[in-house]
Amino acid sequence: MLQKVIKTLLLILFISLSCHAQKNRQLSNPPKHEFRAVWIATVENIDWPKRGEHDSDQQKLDFIRILNEHKRSNLNAVMVQVRDACDSYYARSVEPWSEFLTGQQGKFPNPFYDPLSFMVTEAHDRNLEFHAWLNLNRATFRRATSVTPDHISNRKPEWMLTYDGQKLLNFGIPEVREYITNVVLDIVKHYDIDGIHFDDYFYPYQVPGQTLKDEATFRKYSNGFTNIEDWRRNNTDILISQISDAIKKTKPHVKFGISPFGVWKNYSSNTPEGSRTQAGQTSFGHLYADTRKWLSQGWIDYIAPQIYFDRYHAKVPYKELSKWWMENAFGKHLYIGHGVYKIKAGWSLTEAPAQIRLDRQYPQIDGGLFFSSKSLTENYGGFQDSLRTDFYRKPAIIPAMPWKDNIPPTAPKKVFLTRNEIGNPILTWQPGETASDGNENTYFAVYRFERAETPDFQRVDKMLYVGRQNTFTDSTAEKARGYVYHVTSFDRLHNESNTSAKATIEYGEK
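Numbered according to mature numbering (1 follows the signal peptide of the UniProt record, and there is no 0), the sequence shown spans residues -21 to -1, 1 to 489.
The set of hints was computed from the structure by calculation and includes no laboratory data.
Only a predicted model underlies this, so the values are computations on that prediction, with no experimental measurement involved.
Heads up, some of the hints might be wrong.
As the list claims (entries may be wrong) - Computed list of lysine to aspartate or glutamate pairs in EDC-like fashion (alpha-carbon distance at most 16 Å, straight line):
hint, residue 1, residue 2
1, K353, E23
2, K244, E299
3, K481, E432
4, K50, E400
5, K481, D416
6, K39, E137
7, K230, D384
8, K244, D209
9, K228, D384
10, K228, D165
11, K441, E457
12, K244, D165
13, K192, D179
14, K302, D289
15, K244, E306
16, K50, E101
17, K323, E357
18, K50, D104
19, K50, D369
20, K272, D209
21, K227, D165
22, K11, D369
23, K441, E429
24, K458, E412
25, K244, E194
26, K230, E357
27, K29, E357
28, K392, E306
29, K373, D440
30, K353, D104
31, K392, E412
32, K302, E252
33, K458, D440
34, K86, E32
35, K323, D289
36, K272, E357
37, K29, D41
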């Protein structure tokens, strides 16, 4: 009998302590504006399509599943790799179909479809920005199983550099830079993308025993440079500037962003502008990518440095490097690239959450990206659960870029309020007129306030809905409560309108 009493008392104590801990667990305070994205890698079928899955209909279903998972986590953008090695995942291309899509380079999808067109439509239906992610330098993949006779590496062998078992485009040749620019423009012209995105591959990461043999190109196209390293950096400068200008002239609303290796330069007495890190290779010195310059010149709209290091890294600590980027973003957006794939390799389960908390302490950080998609969809270390129950439990608006567009859209015209069969309020509204800059209502937000409240449209907890539909059912409304609803609109660059005409309901009303 005594043992039963003791067990009962211990159970009561355990439940009490658990409830107390849950009650006092501090949830994060999600911001209203935050870029939340994930890289969906296609090379080697890392995330999509599934390895060996070449049926188009099944590929579509799997991509929809991936988007639905990320939408449930309140992400608001995806960066999808559409060019792995001078190949393509889209029909309007001069380059052959990717072998990772169809199993053989140059082979058409079966049944035929245009993956990029499909993916953009599905992303936009879920109000996710779609950034087309291209690998710039790789012409052939090291473990490629097929290369078509008309592939650029076969058509233009004089454009190639061979390094570490693969062929790379030689950025020092003006025709190569023109070719890459035209590849980018094919996507910008023919697809309704929101951004063009490049990763960290410019000149190759240095490999012991390998030599980059571009001296002959340097002699032919030196352009006044006497130092080959300065010349290489100038080649990437020209390429980035050229692509930036082309995008702006073709579709000014399309964003242009880079995700470089995290360290631009290490600090030293000779380079006081560098970060206080000790990286073995740097973006400036080894990849010949002067990413800081690209920001300062306004050639790119955002930078997403790959800070795939933990907070206690001996040579490249996360906080030190992220603070350096805050000081060197030159007014453009800074999104931190998080290496959450490392959770599976032994990262502490507290590392990624701690990095998000750290980011949110600084208004200079506009959000983050995660590598890669399956790290979330497979819930490495429970991290996707943490996003859904805490950090991203509320939706967020992508920060606006006033240097691209600072004119807000017009507000929805009128809000109509009805009820469904169980009495829940149903709001329907009419989109506003076209704004003075020609932009239309792209998506909407619904806010709900108590009747006695003063509306505060920065309060995330009052934002019930963010999406492209012009109707919303409030299934969380409580009976006998009075509510005031407001609807605002956003253009595609995320400027928010003034509030619409409000709709007021006393929930107990008939």
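List in ascending order the numbers of the hints, as given earlier, that are violated by the structure. 4, 5, 6, 12, 13, 24, 25, 26, 28, 30, 33 and 36
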